[in-house]
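2 protein chains.
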Amino acid sequence: MEEGIGLRIAIDAMGGDLAPEEAVKGALEAAAEWPDTSFVLVGDEGRVKPLLNGQAPPNVELRHASETIGADEEPVRAVRRKKDASMVVAARMVKEGEADAMLSAGNTGALMTAGLLVVGRIPGVDRPALAQTIPSADDVGVLALDLGANADARPEHLHMYAVMGSLYRQLVHGMERPRVGLLNIGTEEGKGSELAKEAFALLSGEAGIRFTGNVEARDVLQRACDVLVCDGFSGNVMLKAFEGAAALIMGEVKQAFTKNVLTKLAAAVMMPGLRGLRRKMDYKEYGGAPLLGLSGVVVKCHGSSDARAFRNGIRQARDAVRHGLIRAIADHISGKEGSGG
Amino acid sequence: MEEGIGLRIAIDAMGGDLAPEEAVKGALEAAAEWPDTSFVLVGDEGRVKPLLNGQAPPNVELRHASETIGADEEPVRAVRRKKDASMVVAARMVKEGEADAMLSAGNTGALMTAGLLVVGRIPGVDRPALAQTIPSADDVGVLALDLGANADARPEHLHMYAVMGSLYRQLVHGMERPRVGLLNIGTEEGKGSELAKEAFALLSGEAGIRFTGNVEARDVLQRACDVLVCDGFSGNVMLKAFEGAAALIMGEVKQAFTKNVLTKLAAAVMMPGLRGLRRKMDYKEYGGAPLLGLSGVVVKCHGSSDARAFRNGIRQARDAVRHGLIRAIADHISGKEGSGG
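Chains as they are written, first to last, in this note's numbering: chain A, 919 to 1259; chain B, 919 to 1259.
One chain only, chain A, in its complex shape (with noise of 0.2 Å):
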C-alpha cells in the first residue's frame, strides 16, 4: 500500500459489457476525485495497460490476472475453477487485507460466489443479499434487497435483508432512519404468503430497525420506503415488470412523438421536459449494488456500466468502508445474538 494512502479499492478491469476501458476510466476518474484512496486495477496487464498510457496516477496501479469470468459461465464452477481470474483475485485481496473494498461488473451469479467463497460471510449471517437501488419519483431511490440473487428465502432471511439494508442507508447514504418495508400483496398485517406473514412478525419484533409495515409494488417507485425487503422471486418480477412497463409506455409514446411532422416538433418541445424522466429510468445513476453480509466490502456494478456508473460504485464501496459497514453489520449481530439469544 502506498504511504499516506489510508483506503484503497480492488476493481476488476474485465467485467462488464464496456470492460476494460470503462472500468480503467472509471478508476482513473475516482482516483482524480479521492486521491486519499488507492486503486488497483485487476486484469489482463495486456490489455489493461494500454488504456493507462503510461500515465497512471500515483494511487494507481495494476494487477495482472490472466483469467477472466466470462458473463455466461456457470458461476461456482467458474470461481473454483479460475484462481486467478481478475473476479477472484480482487475477492482474494479483500480477504487478505490487501484492499479494503472490491467492485466488479461482470457475471453477479460468480460475484455472489466468489463473495461467499472467498471473501466469506459474516459470522451470523446465514446468506447474504444484492441490495440494488430502485429510482424512485423523487430521485432518492429505494434500497431493495433481495432482488434475484437467491429465488428461495426463509422468513430469518428477510430480517437479516431488513437489518443490513438498514444499516447500509444508514451508513453510506446518511439516513438517519430509514423506513424499512416488505414487499406485499396488501398494506394491512396479516396479508400475503405465509412467509411474508412471519417476515412480518421478525421485522415488528426488530428494535434496531424502523420498521413501518407492508408495501405493496405499486407505491415503491413513490418511495413508500427506504429499504425494501423481499424474497428474491418477488423482487426479481417486481423490478422485471418495472422495466417491461417502461419499455412498452416509452415505446408508444415514441411512435407518438415519430407520427408525422407536427408530433415531431412537438417531441422536440416536449424533449427537455421528458429529460428528468429518462434519467430516472437510468439504472447506471445509482451506481453500484453492494453484496450484503460479506466480511468486506464487495460492489457490484452493473453489466453495461460506464465510466461514470464505475466511479458512482466506487463512491458507495468507498462510503461502505469509511463508515465501518462490516463492523456494523457484525456488531448488530453479535449483540443480538448475546441479548436476544
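Since the hints were derived computationally from the structure, they do not count as laboratory data.
Hints are not guaranteed to be accurate.
Any copy will do: because identical chains look the same in the list, a pair fits if it lies in one copy or spans two.
Claimed, not checked - When the alpha-carbon atoms are kept at most 16 Å apart in a straight line, the in silico EDC-like pairs for lysine to aspartate or glutamate are as follows:
#: 1; residue 1: K1109; residue 2: D1070
#: 2; residue 1: K1109; residue 2: D990
#: 3; residue 1: K1182; residue 2: E1170
#: 4; residue 1: K1109; residue 2: E992
#: 5; residue 1: K967; residue 2: E939
#: 6; residue 1: K1001; residue 2: D962
#: 7; residue 1: K967; residue 2: E979
#: 8; residue 1: K1013; residue 2: D1002
#: 9; residue 1: K1001; residue 2: E1014
Given chain A, work out where chain B should sit, using these hints.
For chain B alone, kept in the frame of chain A given last:
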C-alpha cells in the same frame, strides 16, 4: 325461464363502486345485444327497480335480495352470514341451475368464497383461480392466473391453472393453440424458486397444453405467452408493479406536457397519438375475470366497472357457457385422472 331463451345470466346488481346504476345499464345493453340470453338483476328492489324505468325488456328480470356484501367485509364471514346478499343469491342461482352463469363487481374475496362455498368446485380441482387479462402491447392481452386470490401455491395448483387457462383461451377467446408460459426470474429451464422448478416439470409433462417455457415479467406486456401461470403472490406483485410504473411515467409525461404554453400546444398535437396508450392501460376494456375451477361460470368484474365493463364481462360469461367451458375442464380432469392416475 322465458320460453325460447336458452341462456340465463345472473348479475349481482349491488356489487362494485358504481352499482347498481352501471350494473343495470350494462345488463340492459347486453339484453339488447343478445336477445337469446336472459338476464336476472339480483339486488335491492327499491334501488334497482327505479333504474329500469318500468320498461325492462322481456329478457331482463329483477330478483330481490335484501342484503349486500360491502367491499371491506371479511369474505368468509360475510358469505356465511348473509344468505340473502345479492352476490350469494346469484351464486345460489348458478348452483341450483336457475342461471347458467353469474357476474359480480363486488368484494373479490367474498366472490371467491361464494364460488367455493355456494357454487362449489369441479371435482378434482383443488383450488379455483381468478384469471385476469393483462393488457399487452398488441391489444390482445395475456390471461394470467393466479394474480393474488391465493398468496401461496403448490406446483399442482400451477399445473391446474395452466390447464384451465388454456381451455379458457381456446373456448372463450377462440385461440387455437394458446402458448402457456410460467412466470419466472429467468427464461432457461432450471431457473427460479423450488415452486417454479417443480411447476416447470409438471407443465412440461402436460400433453393437453402448449407449454412454451418460462416467461420473465418484462416480456409479459409484449405477450410472450397467451396464458401466464404464476403463484398469486408474485403474480400480484407483477400486476401492481405494472400499475406503479405506468402511474409514475404517465404522471411525469403529464407534468412535462403542462410545463408552459409551448408544451401545452405540443400536448394538444400529441393527444390523438397517445389515446391508444391510454386505452391499453384501461383494464376495463378487457371485461371480466373468470373464476376458473368452479362447477359453474362465475365472472368477476373490476370494482370500478362501468356499463361497458359489465357488458364485456357478460360477453365473457356468455361465451364460456355457450362453448361448454365447465364441461371441458371437468372432462380434461376426469380424462386425465382415468389415464394418468
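The hints, checked one at a time:
1. K1109 x D1070: This pair counts as between: shortest inter-copy Cα distance 11 Å, intra-copy 19 Å.
2. K1109 x D990: This pair counts as between: shortest inter-copy Cα distance 14 Å, intra-copy 38 Å.
3. K1182 x E1170: Classified as within: same-chain Cα gap 14 Å, cross-chain 19 Å, threshold 16 Å.
4. K1109 x E992: Between copies only: 13 Å across chains, 37 Å inside a chain, cut-off 16 Å.
5. K967 x E939: within (11 Å within a copy, 75 Å between copies)
6. K1001 x D962: The answer is within: 14 Å in one copy meets 16 Å, while 76 Å across copies does not.
7. K967 x E979: within (10 Å within a copy, 85 Å between copies)
8. K1013 x D1002: For K1013 and D1002, the Cα distance is within 16 Å only inside one copy (15 Å; across copies 70 Å).
9. K1001 x E1014: Within one copy, since 15 Å is at most 16 Å while 71 Å is not.
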